[in-house]
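Q: Residues per chain, in single letters:
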Amino acid sequence: MKKTFLFILIILLTSINFTAKTDEQNPLDSLYFEDLIEMKKNAIESKNLLPKPLRKRIFGIYDKEITITGTNVASKMNFIFDGKMINIRDVDLEIKFDESPAFMTILYCEIEECLQDKSENLWGFEKNRIIYAQGYEVMDWSLENKDNFNIVIKKLRRSVCRVYNKTYEQDCNENLIKIENDKDYIKLSFDLQDFSFLMGKGQSMNAKKFISNNDIKLIHNSKLRYWNIRNPRFDSAKVSLETLSKVRKYIVEIPKEKKIDDEINEEDQFKPKILLEKLLGVK
Amino acid sequence: MSKFKKKKNIRKKSSNSLIRYLDDHWRGNLTLPQSFWVNGFLLNIVVALPLIYAEMSINKISETLAVIFLVYFLLYFIYFVWVNIGIWRSSGNYISNKKKSSFWGYAARLAVILSVIRAVGQSVASFLV
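Residue numbers (the working numbering), protein chains in the order written: chain A, 482 to 764; chain B, 6 to 134.
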């Protein structure tokens, strides 16, 4: 009797577990939730040094080129960043890897996301939904591995303005991205929690400062502060925003050995409050 | 003599008398009641007040304030050494004075020993826990 009960219990428990797993997987996603979690683990454990799966699947780094394509879900702006590296290992070694110019394209669409995976497209964006595209030559940029994986652009100039809807011709010419002085910069920050990007200008990372003319026709969302830029590589791989938000919520636990190392380092730090507590005998 | 010079002299005299007072206590030249009750008891209450405040509001104070209190604690430690050595020496003088009963001298020394044991014990215990 006991054995039968135990058997039923095991069956029930495994079936609950199975159901939970299938719930996590959006049927439209072509990248599995477990794979994404594995990628997140890799990224966090390697402390933002871009492990190989991420290099290939998110940044598309196969050889010496780095291409990041993103869209801002809150505005109607999209971007493509394209640069060449001297050496693929430079990404891991946290070295400034490119002296040669990169290229950035900012696209404005009629709808927030005009990404698609059909053959009739321009850089992966739906051609008939693009209003205009501005091309910028990036003369000074570097990689930074501080809190996140960042690309810092320090110098750029507009080189092309391609208008798809003639009504917006003036906007395309006037609504320019500028870097004001030596201290100013544009930062593209990669968030390991859900593989999204944050794009902003200067220390405040204020998105509204990113463009000089906040045309209401283009940016309608008044709450927009940061550019939460999603990687469209997932769109071509078909990963829904819901799945990405689940990935964000999933907490990656750092292995014990690493945790102990961190705790030792923490103990080495001088903490005046704790010392004072001990000297005063506060329990 | 000008007013300025007079003021300067007064300031010099007062700082000299303070140094002399500190030195007299340190050498045990003050009377035992003065050393024990004035320097060891009343002055201790005044000097320890900021530390009592620190102890009470340890959870609220900032790290910067904690550093300031740590420096103050160091000054308190200097006071603690100064006051106890002064009382110890003063009680030695009291005991050696044949005209008086040596009881209060020994009592003061016992109080010094107990306060040192308490301070050391408390510090060791809080660092071990």
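If you're looking for bench data, these hints aren't it; they were derived computationally from the structure.
Check each hint, because a few of them may be wrong.
For each label pair, taking beta carbons as the anchor points, the in silico distance ranges come out as [claimed, not checked]:
id	chain 1	residue 1	chain 2	residue 2	range
1	B	I73	A	S721	41 to 47 Å
2	B	V51	A	E526	55 to 61 Å
3	A	K752	B	I57	40 to 46 Å
4	A	V763	B	V52	56 to 62 Å
5	A	I525	B	T69	31 to 37 Å
6	A	L722	B	I63	42 to 48 Å
7	A	K752	B	F46	56 to 62 Å
8	A	K752	B	A130	42 to 48 Å
9	B	E68	A	S640	46 to 52 Å
10	A	I525	B	F46	45 to 51 Å
11	B	M61	A	D672	38 to 44 Å
12	B	A124	A	Y731	49 to 55 Å
13	A	D516	B	T69	43 to 49 Å
Quick reminder that beta carbons are idealized off the backbone N, C-alpha and C, glycines included.
Q: Indicate, hint by hint, whether the structure satisfies it.
A: Okay, the hints, checked on the actual structure:
no.	hint	verdict
1	B/I73 <-> A/S721: 41 to 47 Å	54 Å, violated
2	B/V51 <-> A/E526: 55 to 61 Å	56 Å, holds
3	A/K752 <-> B/I57: 40 to 46 Å	22 Å, violated
4	A/V763 <-> B/V52: 56 to 62 Å	19 Å, violated
5	A/I525 <-> B/T69: 31 to 37 Å	33 Å, holds
6	A/L722 <-> B/I63: 42 to 48 Å	46 Å, holds
7	A/K752 <-> B/F46: 56 to 62 Å	34 Å, violated
8	A/K752 <-> B/A130: 42 to 48 Å	19 Å, violated
9	B/E68 <-> A/S640: 46 to 52 Å	50 Å, holds
10	A/I525 <-> B/F46: 45 to 51 Å	59 Å, violated
11	B/M61 <-> A/D672: 38 to 44 Å	43 Å, holds
12	B/A124 <-> A/Y731: 49 to 55 Å	52 Å, holds
13	A/D516 <-> B/T69: 43 to 49 Å	47 Å, holds
Violated hints, listed in ascending order, are 1, 3, 4, 7, 8 and 10; each of the other numbered hints is respected by the structure.
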